[in-house]
Every structure is written in C-alpha cells, then in structure tokens.
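Trainee: Once you've looked at the hints, dock chain X against the given chain E.
If you read the protein sequences in the order shown, they are chains E and X. So for the first sequence, the numbering used here puts the first residue at 230; every next one is plus one. So for the second sequence, the numbering used here puts the first residue at 230; every next one is plus one.
Don't read these hints as lab results, they were simulated from the structure. Note that the structure is predicted; figures quoted are calculated from it, not measured. Don't take each hint at face value.
Identical copies look the same in the list; a pair holds intra-copy or inter-copy alike.
In silico DSSO-like cross-links for lysine-lysine, where the CA-CA straight-line distance does not exceed 30 Å [unchecked claim]:
# : residue 1 : residue 2
1 : 269       : 367
2 : 367       : 263
3 : 345       : 263
Take a look at the letters that make up each chain.
Protein chains: 2
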Amino acid sequence: MDLKPSQLPGMSALLSPEEARDMDRLVPIRHFPKGTVLLKAGDVATEAWFCIDGCVHMYYDVDGDLRTTEFYTEGQAVASLYSFINQVPANHYLACVEDCTLVVWSYAAERELFGKYPNLESSCRVAVESDFGAHQEKFASFITKSPEQRYLDLLEQRPELLQRVPQYLLASYLGVTPESLSRIRKRILAKEAAR
Amino acid sequence: MDLKPSQLPGMSALLSPEEARDMDRLVPIRHFPKGTVLLKAGDVATEAWFCIDGCVHMYYDVDGDLRTTEFYTEGQAVASLYSFINQVPANHYLACVEDCTLVVWSYAAERELFGKYPNLESSCRVAVESDFGAHQEKFASFITKSPEQRYLDLLEQRPELLQRVPQYLLASYLGVTPESLSRIRKRILAKEAAR
Numbered sequence: 230m231d232l233k234p235s236q237l238p239g240m241s242a243l244l245s246p247e248e249a250r251d252m253d254r255l256v257p258i259r260h261f262p263k264g265t266v267l268l269k270a271g272d273v274a275t276e277a278w279f280c281i282d283g284c285v286h287m288y289y290d291v292d293g294d295l296r297t298t299e300f301y302t303e304g305q306a307v308a309s310l311y312s313f314i315n316q317v318p319a320n321h322y323l324a325c326v327e328d329c330t331l332v333v334w335s336y337a338a339e340r341e342l343f344g345k346y347p348n349l350e351s352s353c354r355v356a357v358e359s360d361f362g363a364h365q366e367k368f369a370s371f372i373t374k375s376p377e378q379r380y381l382d383l384l385e386q387r388p389e390l391l392q393r394v395p396q397y398l399l400a401s402y403l404g405v406t407p408e409s410l411s412r413i414r415k416r417i418l419a420k421e422a423a424r
Numbered sequence: 230m231d232l233k234p235s236q237l238p239g240m241s242a243l244l245s246p247e248e249a250r251d252m253d254r255l256v257p258i259r260h261f262p263k264g265t266v267l268l269k270a271g272d273v274a275t276e277a278w279f280c281i282d283g284c285v286h287m288y289y290d291v292d293g294d295l296r297t298t299e300f301y302t303e304g305q306a307v308a309s310l311y312s313f314i315n316q317v318p319a320n321h322y323l324a325c326v327e328d329c330t331l332v333v334w335s336y337a338a339e340r341e342l343f344g345k346y347p348n349l350e351s352s353c354r355v356a357v358e359s360d361f362g363a364h365q366e367k368f369a370s371f372i373t374k375s376p377e378q379r380y381l382d383l384l385e386q387r388p389e390l391l392q393r394v395p396q397y398l399l400a401s402y403l404g405v406t407p408e409s410l411s412r413i414r415k416r417i418l419a420k421e422a423a424r
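The following block holds chain E by itself, in its conformation from the complex (with noise of 0.2 Å):
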C-alpha cells in the first residue's frame, strides 16, 4: 500500500482529521529511482518536493561541467523557487543521487491547501524561513571559508553525506577538483596522525 502524508511521522499531530484527508487526496509520495532527473533545465517546475528518503541534488551544467550547489536528504524540502513561484524555465537540474521517496507538493494542491487551511500555510511559512535562513549561512560559508573548512563542516554536521554521494558529485560542491578534494582528505589525515 502507498505511504500518505498524514501517515508519516509526527504528522498526526499536527493535522485535523479534515487537513489529512484532503492532503491524502492531493499530496502523493512517490518513488524514484536513482538518477531519475526530477527537472531539467529549460523546464518549468510545476513542483516541489519534500524528501522522505535518499538524497537529491540540484546542479548547473556550466559549458559541460557540472557544478552541484546543493544535496537534499531525508527531511528537506527541495524547490527550484524562483522557476516554482514565477512559473519561468529554471536554469539547473534536479536529479535522485539515490532511490528515494519524495512528497510531491503541486502548485495546484498548494493553492486549495493554503486557500482553506491558513494553519498549514502558517507551518509552511515558517518551515520556508527556517530553510532560507539555513540557506543565507551557506552561502556566507562559501563567500568566507576555504574549500578544507566547509569540508571539515560537512564532515562535523553531515557526516552520513561523504559516505553517501560520488566524490566528484562532493568535490563539485566543495567548488573544488576531485584532485584537490584528495589532497584535502590526505592534509586531514596527516593532521589527525600527528596529533
């Protein structure tokens, strides 16, 4: 049987009877398997998602290269926002590093959701805030930190992510070369042996 969101953690909780039927009826959560491409550059995103399961990446195909800005894992939500909000092509990809299960939140259902239920869009408003805060401190992280700091942040607030996703996918986000991501690792290495 399909998973529904008032089925998912915590979610009872927070939803009247009312709310879970109706986000049941227009909130699927769907699998997909790894390296499905979940939006393509040029496309319009007509949805966004919330990840229950495995591990998204959004990425930038710069003349070939590909140069991922974020990995979205088991309770973020991922959007390519300005694409979503003004209906306009977006100019990356969204694609499942792994197999995952997604919440797949509709333009369409968000309208008649927020339109009868201001509580949730309430919830959402502060869940959006929370993530864009999160957001203007990575940006100032990689406007201030070398590329070995954000590595050893990764390594202190992600850990499970080194293990997760390909090293040229991390090196990418570390804005660095495969090669150079090596030489980090081994720098980190020799610093933990001499200590």
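Mentor: Chain X alone, transformed into the frame defined by chain E:
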C-alpha cells in the same frame, strides 16, 4: 510628521482599516544615518527591516577582511533570518551604506500581526519565498559565473548600485580585490571601444 506603514505606496489597497491601524501602531518607520550598524556579529537579531530608501549591506569580518554578501536597496527586505528565527547570535554585520529610511519589523509585532491577520502572513510567505528564490539564483550565479560575468550581470540588473556603493565594497561583493575589479572594468571598456 513621521511616515507610517499604511502611507507607503500601494499599502492602502492591501490593508483593511483595522490592519492599517495595527501596522501603524506596531511597526515604526525610522531614519538611520549612513554608517549606522543595525546588527553586530554576536548580537541576536530581534528585528528585521524593509528598505524604503537608502542602502544596507550585510558583511562578514574574516580576520579583519570585510566580505559583503548583499546590498539591500529600495523595496528589499533585510533580515538575518537564522539569527531572527532561532534567536541565536548572528555571525555577521548589517550596516547602512547610505542614509536610510527603514520599516522596523520586530519579532513581537510579527507574532501579534500574524496571529490576528492570516492574509498578512500569507502575503509575507509569498514575499519570503520570492526572496528565497532570488537568493538561490544568486548563490548559483556565484558558483557558476566568473567575477567578470557577475559584474556584467550587476551592470544590467542593478546599474544604480555601481554608482551608489564604494568600489572596495563592490569588489568584496564580487569576491575580488579592488585591483581586480579595476582590471575587470578596464577590460570591459576596452571591449566596448573595440566594437
């Protein structure tokens, strides 16, 4: 006489008389002279702002080296969201690059207004999502474009900014030294002259 939020262009059409009265009571508009520091690293943000007039920049102090991550001008919201939402100390500064007129939006006012007026919260959600979308695009532009391309984008999208902010701040915003910015400008002028 002091300016009130309900007197701002377009606001009378958006707000009911009751909303306008509460906004004017809870949300002041204040003037800040050039150089005013609105938020210091280490402070907890208890306010956000909306720029009516002037220019505010967000910057980081990296071992004495100033790095600007944003210039906020007329019509833009100014917020250290991570600090404001989580009520934790900010890791950056907000300061007025010019004399500024700003709407001062406190956490307390937000709670009272959103509690009473779901429509107001809905408008804010849409605005925050739109700003978040723009921020995603900005991060992507930093990851995918050269400083020269980013300078050309600024020239096209925010030409007035280039006249308003000091060159060393503009250079830090583009992630280059003032000398590099000067070279970029000369290269662009030479290309234009050769056309």
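Trainee: Taking the earlier hints as the rules, which of them does this structure contradict?
Mentor: Hint check: 3 fails alone, others pass.
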